[in-house]
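Participant: Sequence:
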Amino acid sequence: MADSIDALRTRVNNFVEEREWSQFHSPKNLAMAMIVEAAEVVEHFQWMTEPDSRQLDAETREKVGQELADTFVYLMRIAEVCGIDLIAAANAKIDLNAQKYPVEKCKGSNDKYTKYQ
1 MADSIDALRT RVNNFVEERE WSQFHSPKNL AMAMIVEAAE VVEHFQWMTE
51 PDSRQLDAET REKVGQELAD TFVYLMRIAE VCGIDLIAAA NAKIDLNAQK
101 YPVEKCKGSN DKYTKYQ
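Be aware that the sequence shown starts at 1, since it is given in this note's numbering, and climbs by one per residue.
Mixed in with the good hints there might be a few duds.
Stated by the list, open to error - Below, a list of computed lysine-lysine pairs in the DSS-like style, where the Cα atoms sit at most 27 angstroms apart: (1) Lys-115 <-> Lys-105; (2) Lys-93 <-> Lys-105; (3) Lys-93 <-> Lys-115; (4) Lys-28 <-> Lys-63; (5) Lys-93 <-> Lys-112; (6) Lys-28 <-> Lys-93; (7) Lys-100 <-> Lys-112; (8) Lys-93 <-> Lys-107; (9) Lys-100 <-> Lys-115.
No wet-lab data here; the hints were simulated from the structure.
Could you put together the complete structure from these sequences and hints?
Facilitator: In structure tokens, the structure reads:
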């Protein structure tokens with residue numbers, strides 16, 4: 001069992017290679033598959049109230065976890081196929097968001113960054 005991002009990436013890549021699925025893993029196909037899985041996450045919350053969505057029962061939590069895992073694996077595969085370092089990309093995006101949403105202007109607010117410009 002993989003216990004780090006790098007180990008999980010290796011495990012996913014090995015899984016794909018053993019099945020010769022790389023031929024099907026174009027960025028387009030992977031992006032489409034990821035969105036389908038993300039929609040399956042949303043489906044579990046579709047008719048819940050806000051409070052209910054914060055207190056999932058064990059069965060729903062398991063199902064949501066499976067769909068999140070599917071989404072995450074496809075995200076990792078897209079990054080792999082496109083040669084993107086997800087950790088570096090996420091850190092760069094957080095830095096960019098820190099500029100867009102300075103704490104002193106947006107703390108406690110959900111306004112879009114364009115309001116602060």
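Participant: Against this structure, judge whether each hint is valid.
Facilitator: A quick look at each hint next to the structure:
Restraint check for Lys-115 and Lys-105: satisfied, since their Cα atoms lie roughly 10 angstroms apart, inside the 27 angstroms limit. Pair hint Lys-93 plus Lys-105 holds up; C-alpha atoms about 19 angstroms apart against a cutoff of 27 angstroms. Pair hint Lys-93 plus Lys-115 holds up; C-alpha atoms about 19 angstroms apart against a cutoff of 27 angstroms. With a CA separation close to 26 angstroms, the supplied pair Lys-28 and Lys-63 stays within the 27 angstroms bound.
Distance restraint check for Lys-93 and Lys-112: the Cα-Cα separation of roughly 16 angstroms lies within the 27 angstroms cut-off, and the hinted pair is therefore satisfied. Between Lys-28 and Lys-93, the direct Cα distance comes to roughly 22 angstroms. Compliance with the 27 angstroms bound is thereby established for this hinted pair. A hinted pair counts as satisfied when its Cα atoms are at most 27 angstroms apart, and Lys-100 with Lys-112 qualifies at roughly 9 angstroms. For the hint pairing Lys-93 with Lys-107, the CA-to-CA distance comes to about 18 angstroms; that is within 27 angstroms, so the pair holds.
As the CA atoms of Lys-100 and Lys-115 are separated by approximately 10 angstroms, the hinted pair is consistent with the 27 angstroms bound.
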